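Participant: In order, the protein sequence lines correspond to chains A and F.
Each position in the first sequence, counted from 1, maps to that position plus 5 in the working numbering.
Each position in the second sequence, counted from 1, maps to that position plus 15 in the working numbering.
Keep in mind that the hints were calculated from the coordinates and are not lab data.
All of these numbers come straight from a predicted model, not from anything done at the bench.
Even for Gly, the Cβ is constructed at its ideal location relative to N, Cα and C.
Be aware that one or more of the hints could be misleading.
Said to hold, decoys possible - For the chain F half of the interface with chain A, some residues (derived, Cβ under 7 Å), not all of them:
1. Phe613
2. Ser666
3. Leu669
4. Leu670
5. Thr674
6. Leu680
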Amino acid sequence: MSHWNPAPFAQQLLDLFASLLLLIAFAMLSQRRILTLIHLFAWQGLILTLSIADSAWLTHQPHLYYSAVLTLIIKVLILPLLLHRLIRRLDVVWDVETLINIPTTMLVGIGLVVFSFNLALPIAHFSSTILRNTLGIALASVLLSFMMMITRRKAVPQVIGFLALENGLFLAATSATYGMPMVVELGVALDVLVGMFIFGIFFFQIRETFDSLDIRHMEKLKEE
Amino acid sequence: MSLRPLDLVGLILIGWGGLGLLGLVVPARWGRCLLFPLITGLSVLMAGAGLWALQGGAQTLVLPMGLPGMPFHLRLDVLSAFFLTLLGLAGSGISAYATGYFRHMAETRAGDFQRLILLYALFLASMGMVLVADDAYFFMVAWEGMALSSYFLVTTDHEIPAIREAGFLYLLMAHLGAIALLLCFGLLQSGAGGDYAFATLRHHSLTGFWSSMTFLLALIGFGAKAGLLPLHSWLPEAHPAAPSPVSALMSGIMLKMALYGLLRVLFDLLGQPLWWWGALLVGLGSLTALFGVLFAAVQSDIKRLLAWSSVENMGLILSGLGLTLLFHGAGQETVAALALAAVLYHALNHAFFKGLLFLGAGSVLHATTERNMAKLGGLIRVMPWVAGLSLIGILSLAGLPPFNGFVSEWLLLQAYLLRPDLPQPWLNMVLPLGAAVLALVGALAGFAMVKFYGIVFLGQARGLVLGEVHDIGLWERFGMGWMALGCVLLGLFPSSVILQLDTVTHALVGQGLGASAARHGWLWVTPVAASRASYSPLILFAVIMVSVGLTFLGVRRFFHGRWRRAPAWDCGYPFQTARMQDSADGFGQPIKQIFESFFGLSREIPSPFDPHPHYHSEVRDPLWALCYLPLVRGVARLVKVVGVLQQGRISNYLLFSFTTLLALLALVTGTRP
Numbered sequence: 006m007s008h009w010n011p012a013p014f015a016q017q018l019l020d021l022f023a024s025l026l027l028l029i030a031f032a033m034l035s036q037r038r039i040l041t042l043i044h045l046f047a048w049q050g051l052i053l054t055l056s057i058a059d060s061a062w063l064t065h066q067p068h069l070y071y072s073a074v075l076t077l078i079i080k081v082l083i084l085p086l087l088l089h090r091l092i093r094r095l096d097v098v099w100d101v102e103t104l105i106n107i108p109t110t111m112l113v114g115i116g117l118v119v120f121s122f123n124l125a126l127p128i129a130h131f132s133s134t135i136l137r138n139t140l141g142i143a144l145a146s147v148l149l150s151f152m153m154m155i156t157r158r159k160a161v162p163q164v165i166g167f168l169a170l171e172n173g174l175f176l177a178a179t180s181a182t183y184g185m186p187m188v189v190e191l192g193v194a195l196d197v198l199v200g201m202f203i204f205g206i207f208f209f210q211i212r213e214t215f216d217s218l219d220i221r222h223m224e225k226l227k228e229e
Numbered sequence: 016m017s018l019r020p021l022d023l024v025g026l027i028l029i030g031w032g033g034l035g036l037l038g039l040v041v042p043a044r045w046g047r048c049l050l051f052p053l054i055t056g057l058s059v060l061m062a063g064a065g066l067w068a069l070q071g072g073a074q075t076l077v078l079p080m081g082l083p084g085m086p087f088h089l090r091l092d093v094l095s096a097f098f099l100t101l102l103g104l105a106g107s108g109i110s111a112y113a114t115g116y117f118r119h120m121a122e123t124r125a126g127d128f129q130r131l132i133l134l135y136a137l138f139l140a141s142m143g144m145v146l147v148a149d150d151a152y153f154f155m156v157a158w159e160g161m162a163l164s165s166y167f168l169v170t171t172d173h174e175i176p177a178i179r180e181a182g183f184l185y186l187l188m189a190h191l192g193a194i195a196l197l198l199c200f201g202l203l204q205s206g207a208g209g210d211y212a213f214a215t216l217r218h219h220s221l222t223g224f225w226s227s228m229t230f231l232l233a234l235i236g237f238g239a240k241a242g243l244l245p246l247h248s249w250l251p252e253a254h255p256a257a258p259s260p261v262s263a264l265m266s267g268i269m270l271k272m273a274l275y276g277l278l279r280v281l282f283d284l285l286g287q288p289l290w291w292w293g294a295l296l297v298g299l300g301s302l303t304a305l306f307g308v309l310f311a312a313v314q315s316d317i318k319r320l321l322a323w324s325s326v327e328n329m330g331l332i333l334s335g336l337g338l339t340l341l342f343h344g345a346g347q348e349t350v351a352a353l354a355l356a357a358v359l360y361h362a363l364n365h366a367f368f369k370g371l372l373f374l375g376a377g378s379v380l381h382a383t384t385e386r387n388m389a390k391l392g393g394l395i396r397v398m399p400w401v402a403g404l405s406l407i408g409i410l411s412l413a414g415l416p417p418f419n420g421f422v423s424e425w426l427l428l429q430a431y432l433l434r435p436d437l438p439q440p441w442l443n444m445v446l447p448l449g450a451a452v453l454a455l456v457g458a459l460a461g462f463a464m465v466k467f468y469g470i471v472f473l474g475q476a477r478g479l480v481l482g483e484v485h486d487i488g489l490w491e492r493f494g495m496g497w498m499a500l501g502c503v504l505l506g507l508f509p510s511s512v513i514l515q516l517d518t519v520t521h522a523l524v525g526q527g528l529g530a531s532a533a534r535h536g537w538l539w540v541t542p543v544a545a546s547r548a549s550y551s552p553l554i555l556f557a558v559i560m561v562s563v564g565l566t567f568l569g570v571r572r573f574f575h576g577r578w579r580r581a582p583a584w585d586c587g588y589p590f591q592t593a594r595m596q597d598s599a600d601g602f603g604q605p606i607k608q609i610f611e612s613f614f615g616l617s618r619e620i621p622s623p624f625d626p627h628p629h630y631h632s633e634v635r636d637p638l639w640a641l642c643y644l645p646l647v648r649g650v651a652r653l654v655k656v657v658g659v660l661q662q663g664r665i666s667n668y669l670l671f672s673f674t675t676l677l678a679l680l681a682l683v684t685g686t687r688p
């Protein structure tokens, strides 16, 4: 019985996770319900965790396991829980409006994916890591999350978009250079957590001031 | 290890800093009576250390401080030593004066005074640090420390809006200058590799365009500090705003730091100068001098008058520096040494007489709370010490022998008139014009000083109650006396001073003046040759004394001895009031008329039938409207354009960064090979 080489399988699995991430990014772009958005964000975090763990196993980089655990704790458990509590206390479950309608957004999103694959192609040639295929997807999910921040009108989905953007960046870092140094990752994780708390405080402040979380109310905060 | 001058200087700098910190914790009264005399003592020590270092070679020291991998480099060579001597000598007089001057403030505003001690000491220490810095990083730290501490000193009375504005203008100009300096050091280092130590920059020479750019940046950076036209606008605002000892420090010493910086960069770090650098400096310096003295002549605020006079003197110094550069570039090192000696000498003299006059103005201001000349007058009767000591400063500033101002201006004039053989024939023709400007400036400075002294100290009081005015205390007398003594000694023994300056000129241009200047003994100064010109202040002084004595005796001899007391000017005037005297405005009137095109003049002339006529005239700096206001308007317009981007919608802001990101990514993809 010949020795079973797990590498091609893991490689396939990695591509699968990457495409799932892209799918979730699109799903988030089209989703109007905030609650579902949070669930999608949690799923994205879980798949990111699996993907990192997979690449750790594939490349024998033990420090990537730590990143995976960190991602699991912060992005799958803590952040979604915090967001959940937040929207319940703020009593905003719905997000009906987007600035641009959903089909147009999706079309632009496809254009962005093509753009980022085009961008990642030459870089992937230079990159020596075996994870290079995922770079295009990582870039695409960054841009898609950014796009989501632009098209939403309420503050909570914008923050979720911001967190999803961070997920994409994390994937890009992992795929291009086997992850950032541990210190940086810890710092980024802490930043995200602290940022989340600050956002939470801001939400309450904004609602107290404007009686709504609609950021249209902040348009008057400019110099005449 | 034996103590070197550099170690001593370092210890003094630490001592200043420590005394400043101590000032924060000890009570204000103690701070004034104890710390300021200690600061004074350290200044005297600093002068000694400077003189000591002037005799020897360069010493270096690397401090284990600063950024990781970038320790602070210290170096003490003769150029630094000369300026450290200046700092110590002038600083000790001013600090002694400050001991007495701040008596009132220490009693009434103890908290402010404690902060003032710290800033005062830090100001002195950072100027010392500028002088011993041997890498660009440490130099900039010290330079900025100097700017910041002096900014806070200028805004000591920050409750007054005008002072806050003056301070802001000063800070702005200081930062503009610092940016230019930063770029200048960046260019100096460009491509040299390694660190920013001056030792590295010294061995790395630039050529052509970049060399000229470095020169221009240094000129802007140091010129902004020196008050070079058109970067002078902060000077007449900030100097009057500061407490008087601080004005004296800024005008007497801090402006010289700009000269030091220029000398350091141009003669030490940057390679061979191009001819037009010197020509530019001569032109700008002469213009600055003329501009400064014209404005000094028409001011009616005593401290503002002195500030404009500082602009004038820095102009003279910088024009002399330009002359040095010209001759140095043409390889005529003897004349270059002459001009350089004149520049250094004048820097030293200016520190003394301008310091002295600012202290005198401070005493007047302190005693009368009045700085407007139109309200002063007759102070010689109630403030004999201030009047007497200020007279020495006045005579020095006006450039009258046998005081010190004459010697350096005379040396500078000699350098101008030496008719050198420069490779540019037109420069040979134009340079004597510089001498003419120098003569004109000297005459106008004399005019301004006659006005200053005559209006403030002589005549009758204009609305002041002289009985309430008191003379200065012991510490102030000591401080002003120290400065006055400096003016006299520097004027009477020029050949000894020139011998001391010799090491500096040798180090910078490779030639000295000492051999020829002191050839005829210590009594005579002969800058070039005895057949051209020579000057002996002691003999002149003796002649003045003897002729005054002879006149006195002669008058005594021939005087008939009958006294007749009669009211002065009683020819047709039954009464005389203080308003009948010549006023500051009236005295400056001829200058205003002749040079009207220089000034931005606005006048209110009362109607002849007005029973209560009030004449008012205001002189504004036309360069403000010409250079600064268009800049301000341009910035405002630009800001308005940028303001269009501000729409208040977060989505739009996000879109801006999104499109920027996409464009940059596309650019990267497009340009990659």
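Participant: Look at each hint and say if it fits the structure.
Facilitator: So, going through the hints one by one against the coordinates:
1. Phe613: 40 Å, violated
2. Ser666: For Ser666 of chain F, the interface hint holds, since the closest Cβ of chain A sits about 5 Å away, which is under 7 Å.
3. Leu669: Check passed: Cβ of Leu669 of chain F comes within 5 Å of chain A, closer than 7 Å.
4. Leu670: 5 Å, holds
5. Thr674: Violated, about 10 Å.
6. Leu680: 6 Å, holds
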